[in-house]
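Q: Can you build the whole structure from these sequences, using the hints too?
Going letter by letter, the sequence shown gives residues 2 to 184 in our numbering.
Calculated cross-link-like contacts (lysine-lysine; reagent style DSSO-like; alpha-carbon spacing at most 30 Å):
(1) Lys64 <-> Lys156
(2) Lys5 <-> Lys15
(3) Lys64 <-> Lys154
(4) Lys79 <-> Lys154
Note that these hints are calculated values from the structure, not bench results.
Because the structure is a prediction, the values reported are computed rather than measured.
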Amino acid sequence: MTDKKEEKKVKADKGEAKLSKKLEALQKEKDELFEKLQRVSADYANFQKRVPRQIEDSVSYEKERIIKTLLPALDNFKHTLDKAHSAESVEDVLKGVQIIHEQMLDILKSQGVEQIKAAGEKFDPSLHQALMQRSEPEKPEGVVLEEFQAGYKLKGRVIRPSKVVVNKIAEETEQPESKEEGQ
2 MTDKKEEKKV KADKGEAKLS KKLEALQKEK DELFEKLQRV SADYANFQKR VPRQIEDSVS
62 YEKERIIKTL LPALDNFKHT LDKAHSAESV EDVLKGVQII HEQMLDILKS QGVEQIKAAG
122 EKFDPSLHQA LMQRSEPEKP EGVVLEEFQA GYKLKGRVIR PSKVVVNKIA EETEQPESKE
182 EGQ
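A: The structure is reproduced here in structure tokens:
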């Protein structure tokens with residue numbers, strides 16, 4: 002009988018040893034996963050601190066780049082204003098202002114901004130804001146007659162609609178019949 006008891010004890014010891022090894026392996030795996038979790042948590046915390054700074058820096062550099070592209074136009078404006086006092090004709094001043102206007106449009110175009118076509122185009126409420134209507138029978142209904150303020154799109158998205166006058170052909174109203182005609 003002692004052999005059976007010893008056999009059972011040996012089997013129990015082997016079982017405990019296996020369980021102990023499994024427990025140690027699981028403990029080791031848990032510790033490794035916990036370390037990994039701590040590293041990932043630290044990386045994420047650093048990421049949360051770093052990203053707002055990077056966004057702020059990126060916006061700041063982009064502003065600086067755009068301002069640098071505007072400075073030559075500002076210089077030309079000042080030059081035109083300085084020369085306007087001694088200009089021999091209004092045409093010289095207008096020419097300088099026209100050059101600056103074209104330069105500003107080129108700068109905007111280089112940034113992905115395009116001017117919305119308005120005058121002569123079919124009215125489109127997604128591109129145009131109608132300020133008033135006027136009747137010009139020789140032109141089609143719903144066409145933009147005049148642009149008060151230019152509209153612009155940035156990379157295809159409207160950032161400011163054109164403010165316009167739209168053609169509205171007046172309907173001829175019938176005069177009610179007089180009592181004399183009906184009798």
